[in-house]
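One-letter residues, chain by chain:
There are 2 protein chains.
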Amino acid sequence: MLRTIEIKQSVFESNDREADKVRAELKRRGIFLLNLMSSPGSGKTTTLVKTLAALRGEMRIGVMEADIDSDVDAHTVEAAGAKAIQLHTGGMCHLTADMTRQGLEALGTEDIDLAILENVGNLVCPAEFDTGAVRNAMILSVPEGHDKPLKYPLMFEVCHVMLINKIDVLPYFDFDLDKVREYALRRNPNIEIIPISAKTGEGIDEWCAWLRREVKAWKEG
Amino acid sequence: MLRTIEIKQSVFESNDREADKVRAELKRRGIFLLNLMSSPGSGKTTTLVKTLAALRGEMRIGVMEADIDSDVDAHTVEAAGAKAIQLHTGGMCHLTADMTRQGLEALGTEDIDLAILENVGNLVCPAEFDTGAVRNAMILSVPEGHDKPLKYPLMFEVCHVMLINKIDVLPYFDFDLDKVREYALRRNPNIEIIPISAKTGEGIDEWCAWLRREVKAWKEG
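Residue numbers (numbering that gives the first Met the number 0), protein chains in the order written: chain A, 0 to 220; chain B, 0 to 220.
Hints were generated in silico from the structure; no laboratory data involved. Careful, some of the hints might be misleading.
Copies of the same chain look alike in the list, so a pair counts if it works inside one copy or between any two.
Within a straight-line C-alpha distance of at most 30 Å, the following computed DSSO-like cross-link-like pairs (lysine-lysine) qualify [unchecked claim]:
| no. | residue 1 | residue 2 |
| --- | --- | --- |
| 1 | 7 | 26 |
| 2 | 198 | 178 |
| 3 | 178 | 82 |
| 4 | 82 | 20 |
| 5 | 215 | 7 |
| 6 | 198 | 82 |
| 7 | 26 | 218 |
| 8 | 26 | 215 |
| 9 | 20 | 7 |
| 10 | 20 | 215 |
| 11 | 198 | 20 |
The shape of chain A in the complex, shown without the other chains:
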């Protein structure tokens, strides 16, 4: 039975301070939180479903699906066998650290190793708010175009890893993989870049290897 949580938009003086508190609590409990961001329709949910399948039996994963409306994604993720809850943001275009804390409490973290927050589909606002996640990941999909790091710089600056999704349709779009790498690295020289196709499964192994490495480092660090 899917649960939907209407999260409250509390205003804290310092979102950064709240985010540090969320991270400290995650560290204490040995839980890794990934904040997954992208434009609408870049394939966050499909990527998640493939990730869940690849890591089944290896990590206990809980997913928070943040959306302005609808429960479509949470149902999809739950059907893929993960513990999932739907967070309704009440029209808000991003999550704050306190909203994420409410989500983690509602999800319940006793029985999970990895919590994934699927943030609201938006390449602008979510980049401005530290959710308390250990790592930020973003998806840019081929049909969106290789110029996006030039136009939405902050998102590329705050992310540790960028998945380039829908590489199966590369032949049908004027998308230059070299250029997108160059533009993204110009914004953030440390960003890891992994081309994938959530549809065909290409690149999912490399993405899961990144995730495994980061989760291990956080638990042992």
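Based on the hints, put chain B in the right spot on chain A.
Structure of chain B alone, referenced to chain A:
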């Protein structure tokens, strides 16, 4: 020589009242303002370039390209022969009516019939702010998926017309045209829906016919 304007984020008590003032002033001067919204990468600029070519010699068009950063789009539009300015929003994820007014002043409206505002690429926040435009248009592109009206309801509610772009790649995506129509009309029974491919030019005639009709009605109404 392209001009870039850093617009100020003035806060007005009522954005709706400011928007009505912008519209009254446009009416007085006989200018139609179109507010064009979409996710990043859905093809706003390419659609604009095709629109400019189709309406050349028929209407005098001025374009305001709103972006958080970069001048890529304004250069593209200027190269297509339109009067264009770049608006930098200073990180803001949407335009307000007052920001639009600043843009119109910088653009100069004495010699144009149709002003087009290319809003920040974002399916959430721009829908919440009336810019003072006569009509709101949005683009949803095929790769984004047909479920978007369920997930970003407000955008579909505030738009008078929705262009479904990139229909040339329909064979490569699980995109259901009937479903997207059904979902969009559920949110907004009056929305006009026009499938196009800005790349191949398909549907641009129908879109320009809509635009012509609306501009005429505004000038004569």
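Hints, verified against the model:
Taking identical chains as interchangeable, the C-alpha atoms of residue 7 and residue 26 lie at most 30 Å apart only when both belong to the same chain, with a minimum of 24 Å there against 41 Å between chains. For the identical chains of this complex, residue 198 and residue 178 are neighbours both inside a copy (23 Å) and across copies (21 Å), given an alpha-carbon limit of 30 Å. Taking the closest pair of Cα atoms, residue 178 and residue 82 come within 30 Å of each other only across two copies (29 Å); inside a single copy the shortest separation is 38 Å, beyond that limit. In the homo-oligomer, the alpha carbons of residue 82 and residue 20 lie at most 30 Å apart inside one protomer (24 Å), although the nearest pairing across protomers, at 50 Å, exceeds that limit.
When the C-alpha separation of residue 215 and residue 7 is checked against a cutoff of 30 Å, the pair qualifies neither within a copy, at 32 Å, nor between copies, at 46 Å. For the identical chains of this complex, residue 198 and residue 82 are intra-copy neighbours only, at 22 Å inside a copy versus 42 Å across copies, given an alpha-carbon limit of 30 Å. In this assembly of identical chains, the alpha carbons of residue 26 and residue 218 lie at most 30 Å apart only when taken from the same copy (8 Å versus 63 Å across copies). Taking identical chains as interchangeable, the C-alpha atoms of residue 26 and residue 215 lie at most 30 Å apart only when both belong to the same chain, with a minimum of 12 Å there against 62 Å between chains.
When the C-alpha separation of residue 20 and residue 7 is checked against a cutoff of 30 Å, the pair qualifies only within one copy, where the shortest distance is 18 Å, while the shortest distance between copies is 34 Å. Taking the shortest alpha-carbon separations for residue 20 and residue 215, only the intra-copy value of 21 Å comes in at or below 30 Å, while the best inter-copy value is 58 Å. When the C-alpha separation of residue 198 and residue 20 is checked against a cutoff of 30 Å, the pair qualifies neither within a copy, at 37 Å, nor between copies, at 48 Å.
Of the numbered hints stated above, those contradicted by the structure are hints 5 and 11, listed in ascending order.
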